[in-house]
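K.L.:
Residue strings, one per chain:
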Amino acid sequence: MKRREFLSMTLGAVALAAVPAAVRAEDFRKSKPTVWSAKTVDDAIKAMYGSTNLVMEGVKLTAPDVASNGGAIPVDFSTDKDVKTIAVFQDANPEAAVLVVEPNKYSVNKYSIKIKMAKSGTITIVAEGKDGKLYAAKKTLDVALGGCEG
Amino acid sequence: MGKIKVKAKLKNGVVNVKAMAKHAMMTYNMAEKKTGSRDNANFITHITATVNGETVLDMSTSQFLSKNPIFKFKFQGIGKKGDKVEMVAVDLKGKTYKGKGKIK
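Chains as they are written, first to last, in the numbering used here: chain A, 1 to 150; chain B, 1 to 104.
These are calculated hints, taken from the structure and not from any lab test. Just so you know, not all the hints are guaranteed correct.
Stated by the list, open to error - Listed next, the in silico DSSO-like pairs over lysine-lysine satisfying Cα-Cα at most 27 Å (straight line):
no., chain 1, residue 1, chain 2, residue 2
1, B, K5, A, K105
2, B, K74, A, K105
3, B, K33, A, K84
4, A, K60, B, K74
5, A, K105, B, K102
6, B, K5, B, K80
7, B, K67, A, K119
8, A, K39, B, K33
9, B, K74, B, K7
10, A, K105, B, K7
11, A, K60, B, K7
12, A, K130, B, K74
13, A, K105, B, K81
14, A, K105, B, K18
15, A, K30, B, K80
16, A, K138, B, K67
17, A, K60, A, K110
18, A, K139, B, K74
19, B, K33, B, K93
20, B, K33, A, K119
21, A, K119, B, K72
22, A, K110, B, K74
23, A, K110, B, K7
24, B, K22, A, K110
25, B, K18, A, K60
26, A, K81, B, K11
27, A, K119, A, K84
28, A, K133, B, K95
29, B, K22, A, K119
30, B, K33, A, K110
31, B, K95, A, K30
32, B, K72, A, K138
33, B, K74, A, K30
34, A, K110, B, K72
What the hints assert, rightly or not - Here are the simulated distance ranges between beta carbons:
no., chain 1, residue 1, chain 2, residue 2, range
35, B, G36, A, S51, 34 to 42 Å
36, B, D83, A, D82, 23 to 31 Å
37, A, P74, B, A24, 15 to 23 Å
38, A, L145, B, K84, 36 to 44 Å
39, B, D83, A, S51, 36 to 44 Å
40, A, P94, B, V14, 31 to 39 Å
A virtual CB, placed ideally from N, CA and C, is assigned to each residue, including glycine.
Bound-form chain B, shown alone (with noise of 0.2 Å):
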């Protein structure tokens, strides 16, 4: 747990990022019906991507992404071959996970 999975590739100037955060994604009614809680429930709530300190992706995100929750986007004008993209994501309880990639 706690791993972000992220793979770059750059493509006619364009990177494409393909980035899979290992996480339930546990929805409120989930956690009542497996837990009793909804209190429980836990997904990740905001997650970002840099390339040398820069942002490339910035989203807010809810329990309703999928379990293990795939994000696929592009960029262009920063990084070349070799670079890292740096992803971090937090979810509901604070829990912080990182993952990178380098650019291929």
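Isolated chain A, as found in the complex (with noise of 0.2 Å):
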């Protein structure tokens, strides 16, 4: 086992017993299951960058202040930096993690997806810059109408 997915692993080592489904599926998934089942986001970045030293630029988070439908709130994200992986995290639902994009080549770093979140909460944004940064955005909205219990 790598040095790295096992420091990631014990520090996930309590979530990782509570939700075994999570595991399975793919790429990331696979190799960093502990990030999907991290309760906090704190948790969730460390287990997936080792750290959570953010630096707070470079990353751009749109979301509404207010969303009247927790089931499907429009966020947008995106980051001119040169980025390896980028991470969505929130704070709402029972774990934090949504999800996490490895661009490549072709990719313009602009995204817009839907998501769910079961309470007011905040969006967290974690762009992994190939400088070893972790650019970050943050974003709190209120929830009038929790999506789908979480």
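Make one complex out of these two single chains by using the hints.
P.N.:
Given below as structure tokens:
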């Protein structure tokens, strides 16, 4: 086992035991299973990147201030940094991770997605730069009607 | 079921893609409430897009995307009008969802 994986697994060991089903599936879900079962944003970021030392710049995040429907909240995010991965987290649901994108040479790093949030909370986007820094943006929003029980 | 709608448009050298996968995106809590078992949770876990065999999107996802999730993304340097953007998604139960759209 690689050292890096071992470290991240230790960090998320408790959460991993709680949701074993999340271990199946592909790529980041396979290589970093603890990210998907982490209960808090900090734990998930740690599991993903091994650090929570965020630089609050370089990432643009757009989401409504008040979401009338928590079942489908439009979230736009983009970065002009040269990044290896971009991850989306939130703190309103039982687990924190929403998705991880792995850009490639063709990518224009601007994405729009729709997410679910069970209650009001904060969305955190973390982009791992090729320079090793973790660029991030946060946005706190009110959710008027919770989405699908998280 | 099992389909992804893909729309792609070329503008100023950048291809804008809008895709919608038809999927319930059932979370663990929803599954427990509705069916009594968390094991019935099902959601898309991985989605990729390719053009001419080259990957242009590689995304690992969780249960917190909305029902029938929409993905918008962009790419450049590959793909011309008439080329097809092909998308494949896999869900937690291993079912594959496919869709393609011509770049307009």
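K.L.:
The structure should be examined with respect to each hint, and the outcome stated for every one.
P.N.:
Hint-by-hint comparison with the structure:
1. B:K5 with A:K105: It holds: about 24 Å lies between the C-alpha atoms, which stays within 27 Å.
2. B:K74 with A:K105: Given that 27 Å is the threshold and the Cα spacing comes to 12 Å, the pair holds.
3. B:K33 with A:K84: violated (38 Å)
4. A:K60 with B:K74: holds (16 Å)
5. A:K105 with B:K102: holds (21 Å)
6. B:K5 with B:K80: The hint holds at about 19 Å.
7. B:K67 with A:K119: holds (16 Å)
8. A:K39 with B:K33: holds (20 Å)
9. B:K74 with B:K7: holds (12 Å)
10. A:K105 with B:K7: Within the cut-off at roughly 21 Å; holds.
11. A:K60 with B:K7: Holds, at about 24 Å.
12. A:K130 with B:K74: holds (20 Å)
13. A:K105 with B:K81: holds (20 Å)
14. A:K105 with B:K18: Roughly 19 Å between the alpha carbons, so the hint for A:K105 and B:K18 holds.
15. A:K30 with B:K80: violated (34 Å)
16. A:K138 with B:K67: holds (23 Å)
17. A:K60 with A:K110: holds (9 Å)
18. A:K139 with B:K74: It holds: about 23 Å lies between the C-alpha atoms, which stays within 27 Å.
19. B:K33 with B:K93: holds (19 Å)
20. B:K33 with A:K119: Holds, at about 17 Å.
21. A:K119 with B:K72: holds (24 Å)
22. A:K110 with B:K74: Given pair A:K110, B:K74 holds - Cα atoms ~6 Å apart, limit 27 Å.
23. A:K110 with B:K7: Within the cut-off at roughly 16 Å; holds.
24. B:K22 with A:K110: Satisfied, since the Cα-Cα distance of roughly 22 Å is no more than 27 Å.
25. B:K18 with A:K60: Holds, at about 20 Å.
26. A:K81 with B:K11: Distance of about 22 Å is within 27 Å: holds.
27. A:K119 with A:K84: violated (30 Å)
28. A:K133 with B:K95: violated (36 Å)
29. B:K22 with A:K119: Distance of about 24 Å is within 27 Å: holds.
30. B:K33 with A:K110: The hint is violated at about 35 Å.
31. B:K95 with A:K30: holds (17 Å)
32. B:K72 with A:K138: Distance of about 20 Å is within 27 Å: holds.
33. B:K74 with A:K30: holds (26 Å)
34. A:K110 with B:K72: holds (8 Å)
35. B:G36 with A:S51: 34 to 42 Å: For B:G36 and A:S51 the Cβ distance comes to about 40 Å; the hint holds.
36. B:D83 with A:D82: 23 to 31 Å: holds (26 Å)
37. A:P74 with B:A24: 15 to 23 Å: Distance hint for A:P74, B:A24 holds at roughly 19 Å.
38. A:L145 with B:K84: 36 to 44 Å: holds (38 Å)
39. B:D83 with A:S51: 36 to 44 Å: holds (40 Å)
40. A:P94 with B:V14: 31 to 39 Å: Holds: the Cβ-Cβ distance is about 37 Å, inside 31 to 39 Å.
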